[in-house]
Amino acid sequence: MDFNTVAAEALNDPNIQANLHGLYKGFHHARVDAAAATPGWEEMREKAREIKAHTTENLDHYLEMAAAAVTRAEGRVFFANTAEDASRYVIDLARSKGVEVVIKGKSMLSEEMSLNDRLAEHDIEPVETDLGEYIIQLAGETPYHIIAPAIHKTREEVAELFEEKLDVPRHHEIEDMAGEARRQLRQKFIEADMGITGVNYLVAETGTIVLVTNEGNGRMCTSMPRTHVAIMGMEKVIPSMDDLGIFLRLLIRSATGQRLSSYVTTVTGPKRHDDEDGPDELHLVVVDNGRSRLLADPELRESLYCLRCGACLNACPVYRKVGGHAYGWVYPGPIGAVISPMLTNLGDAKDLPHASSLCGACREVCPVKINIPRMLLYLRKELAQGETYPESRRSSVVERLLMKGWRLSIMNPLMLRLANKAALLAQWPLARRRRLTWLPGPMGGWTRYRDLPAIASRPFSKRWRKMR
Amino acid sequence: MVREPSHVKASLFVTCIVDQFYPAVGESTVRVLRRLGVDVNFPSGQTCCGQPAFNSGFWADAKPVARRVLKMLRGDRYVVVPSGSCASMIHAFYPELFHDEPGSLAEARALAPRVFELSEFIVDVLGVTDIASYGESTGVPDLRKVTYHEACHLRRELGVTTQPRTLITSAPGVELVEAQESDVCCGFGGSFSVRYPDISGAMLQDKIEQLRETGAERFVSCDSGCIMHIAGGMERQKVDVRPMHIAELLDEYLDQE
Amino acid sequence: MTGNQTEFLGKLRRSLGRPTGAPPLAISDATALGRDAGEVVLRAESIRERAQEDADALADELETAAGLAGWKVARVASTQDAAGYIADLVRELEARSVVRSAQAVVERMDLEDVLSGAGVQVHAMAVREGSNEASADEQRSAMRQHAIDADLGVTGVHYAIAETGTCVLLPRKGTSRLVSLLPPVHVAIVERGQALPGLDEFFALQRADSIRGDLGSYMTLITGPSRSADIEYTIVTGVHGPGEVHMLLLG
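Chains as they are written, first to last, in my numbering: chain Z, 1 to 468; chain C, 469 to 725; chain X, 726 to 976.
None of these hints come from the bench; they were simulated from the model.
Note that the coordinates shown come from a computational prediction; the quantities given were computed from them, not determined experimentally.
There's no promise every hint is true.
Claimed, not checked - Under the rule of at most 27 Å between Cα atoms (straight-line distance), these lysine-lysine pairs were calculated in the BS3-like manner:
| hint | chain 1 | residue 1 | chain 2 | residue 2 |
| --- | --- | --- | --- | --- |
| 1 | C | K477 | Z | K404 |
| 2 | C | K477 | Z | K462 |
| 3 | C | K706 | C | K613 |
| 4 | Z | K466 | C | K531 |
| 5 | Z | K404 | C | K531 |
| 6 | Z | K421 | Z | K466 |
| 7 | Z | K47 | Z | K369 |
| 8 | Z | K466 | C | K477 |
| 9 | Z | K369 | Z | K25 |
| 10 | Z | K462 | C | K706 |
Said to hold, decoys possible - Away from chain Z, derived, C-beta distances all over 10 Å, residues of chain C:
| hint | residue |
| --- | --- |
| 11 | D529 |
| 12 | V533 |
| 13 | P570 |
| 14 | R582 |
| 15 | Y602 |
| 16 | T634 |
| 17 | L644 |
| 18 | A647 |
| 19 | D666 |
| 20 | M671 |
| 21 | D708 |
The C-beta atom is built at its ideal place from N, Cα and C for all residues, glycine as well.
Next up, chain Z with everything else stripped away, as it sits in the complex (with noise of 0.2 Å):
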């Protein structure tokens, strides 16, 4: 389904549009109060971007470094080149140990992997335990937001979702929804054999794994089932644990204002031999799907720096109108925007770098200060041009056709001036008190909604004879 369909059934739904309206004032301004009661936020944000820049540089070596780390603590790494690679290590892990129901905390990555289809197909049950994961495990759908997957489901849907798909009776309050969850989980999570988390940070000095939870269900995950498997996109690596700090307020304040989430979890290898409880195994999946493309072209390589921790999707006012789904990938907004053109295929995303008035509001808000505006200008440079990646290139003849005529003119007053008449001329039959409520073709897109003025008989440029 293409952008602006999606993008138009999402304008036209009240309830989607009040839930995402709901994202300005709960998360973003949440995340604006945070920001200014953390002293030396600034700074923080200066410092995580140096950070971040210098480990992506450098980022062969800090995996080499944590996948030592991980290795000395008695936990097992793998490096996937592909999402397939690391479905296909994590379904022979789960089949090698007779793995029949896997527990999985909040993963955009496993979106990426379509893992729970490729888990089902080879008889082996994914339960999704985040709350919204599981509302749109149920629903059949793919992750609205970054944070709040089900953000775009009213109540009603939700408990209309839960009546029939578990067979039980409909709930009305959200209390009640989701103690139904928690019930229904609570049975997963006593009898799952394997857990698969996401990886929010990976210390390189020590092999720890950073997980940021509210709900409890990535502890539930790492400490219930024998088998815990950490898949994580290459660029999560952070150098020290002394970086954590600044590392985690970053993301949950920025993700939700929490000063801390209700949760944070790490993970250092398997449980050792005298701990109470814990896995008897870890193993950490390292993936590139495609990322290694954003680190080879130094114009995108900052999106790596990225953090998911959705600022930029509730800042955007283009995200807020046409919702997670019309990104028609797994990362929506406007971090979406670059990276999912650039994991999947740039040319057929081609209304992802389009789909922005340029506002900048995303930059503003990011936390580690990545420059999206910059990184759609480039794509829509590539998209216009193609110079870097000439199979990309889409703009059409007339487009470029109309480019070299506005070139044409601008270039030459006598020109604009031939052409000011001409609209002039044009815009005769049209235009009623100065104003044209009607224009023909993609220009109609213009008076759909709004009045445009007419073009001044007399431009300024001829008025200034009579002000020098």
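Mind docking chains C and X on chain Z? Use the hints.
Same frame as chain Z, but now just chains C and X:
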């Protein structure tokens, strides 16, 4: 009070939208600057800064246009632009555009510090905040409440937020009412408004409601693109808030006879 | 190093324009990684000293932040008072079964004794000393079931963080991961001097520990009850972890 002619020399870069659609804004800009003692000239042959091509990704077409502007604005005069987005284009994005052309890059970098949006120029360079004191009257009749629409590039690329507000409130009796969600884009975004009209229209609807709810008689902006978009929607819906470019407002503050 | 690691990292090096891998890593000043190990250890010592000196002020800060984060906070003068608090709580909850860690502060509370009169089962989540492998496994199975069935979990903490209102548990021998996770209510006992000013101080101590030896397999930072806002932003508690959490500040 008329400010003594100063040594401040500025070139007006009028912008294509003002030139073609709102020439009165250009006239107001010149009058206001002159009243503040600025020696204003208008380099001839102005057309456009090149932003439409740049934003659409046609940098090969934007470059010759921008080079022409660089040449036109050579010298040591300030360059005053009655538009946040065009000022940003020259100040912030020309260096981007020419990142791989050392000669033009150097020119762009040399030009950037001289380029100012109008309200920024008046407050930061001329040091004028009580602009109404340069006018003849003690107030603007029939003007009580004004609201200000913050253009995105002005705010985020140029960091200009207080200057327009300072100037708006400098006329006695004028109350500035802030709109809800004033940091949110109006939905213009240049070609975005035509490529994605429904999204642009939805963003516009929110903005119109927020501006109307202030109860202000006028909404003022430093960007004619935003004004064209918002005013165009307000007219369609017969919303009774009069759009004004800041140059026109200041002209009104000054030009009371 | 496995074969696929070499290939994977090689691809990254080529992407970064460093096909040979050289130059080796030069650690930037931006990250703390480059700090000398001796300096890290010294800093940790100084942090511990300050925590003792500022114990009272930090306890006050902790109380405020914890309250904001959704803990029910109470000051108790002694371990007996702490046990009394828990007895009251057990009555209020009509709890039948309690699990506890085997940390020293919890041992001192003698909950088995205090709650025996109320007909409440108390299970210590710790494998008995000197157990063999098979017995340990059996005990762990049983303990897990106790945690699943329990109405209340009681633990001490290893640290608390005043900046955020956080309790830190470092599960290891004597401290189970599940005590503070499975039951619907969790009580955490914080002793005087355990509170640190902020996240940076806490992670500095962890780093020093990792330099000196094993960091341990797990760490959990708990800041209030389990919560979710996934449905229409409405905050609900107790989605998977405990919905009710009590912090008792001792001394």
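Hint-by-hint comparison with the structure:
Between the alpha carbons of K477 of chain C and K404 of chain Z the distance comes to roughly 35 Å, so the proposed pair goes past 27 Å and is violated. For the given pair, K477 of chain C sits about 22 Å from K462 of chain Z by alpha-carbon distance, which is consistent with the 27 Å threshold. Using a Cα cut-off of 27 Å, the hinted pair K706 of chain C and K613 of chain C holds, with the two alpha carbons roughly 19 Å apart. For the hint pairing K466 of chain Z with K531 of chain C, the CA-to-CA distance comes to about 32 Å; that exceeds 27 Å, so the pair is violated.
Distance restraint check for K404 of chain Z and K531 of chain C: the Cα-Cα separation of roughly 12 Å lies within the 27 Å cut-off, and the hinted pair is therefore satisfied. With a C-alpha separation of about 21 Å, the suggested pair K421 of chain Z and K466 of chain Z falls inside the 27 Å cut-off, and the hint holds. Proposed proximity of K47 of chain Z and K369 of chain Z is supported: the alpha carbons are some 10 Å apart, at most 27 Å. Restraint check: the Cα-Cα separation between K466 of chain Z and K477 of chain C comes to about 20 Å, which is no more than 27 Å; the hinted pair holds.
For the proposed pair K369 of chain Z and K25 of chain Z, the alpha carbon gap of about 22 Å is at most 27 Å, so the pair holds. Using a Cα cut-off of 27 Å, the hinted pair K462 of chain Z and K706 of chain C is violated, with the two alpha carbons roughly 32 Å apart. Consistency note on D529 of chain C: stated as away from chain Z, yet its beta-carbon is not over 10 Å from all of that chain's, at 5 Å minimum. A beta-carbon of chain Z is positioned within 10 Å of the beta-carbon of V533 of chain C; the least distance is around 5 Å.
Non-interface status of P570 of chain C relative to chain Z is upheld: no Cβ of that chain comes within 10 Å, the nearest being about 18 Å off. Remark: the non-interface label on R582 of chain C is consistent with the geometry, its nearest Cβ contact in chain Z lying 21 Å away (cut-off 10 Å). The Cβ of Y602 of chain C sits about 19 Å from the closest Cβ of chain Z, beyond the 10 Å cut-off, so the non-interface label holds. At roughly 22 Å, the least C-beta separation between T634 of chain C and chain Z is larger than 10 Å, which holds for a residue marked as non-interface.
Listed as outside the interface, L644 of chain C is consistent with that label: its C-beta sits roughly 21 Å from the nearest C-beta of chain Z, beyond the 10 Å cut-off. Residue-level check passed: A647 of chain C sits 14 Å from the nearest beta carbon of chain Z, beyond 10 Å. Distance check for D666 of chain C against chain Z: the nearest CB is about 6 Å away, which does not clear 10 Å, and the non-interface claim fails. Some Cβ of chain Z comes within 10 Å of the Cβ of M671 of chain C; the nearest lies about 5 Å off, and the non-interface call is violated.
Its beta-carbon lying about 15 Å from the closest one in chain Z, D708 of chain C satisfies the requirement of being farther than 10 Å from that chain.
In this structure, the earlier hints numbered 1, 4, 10, 11, 12, 19, 20 are contradicted, and the remaining ones agree with it.
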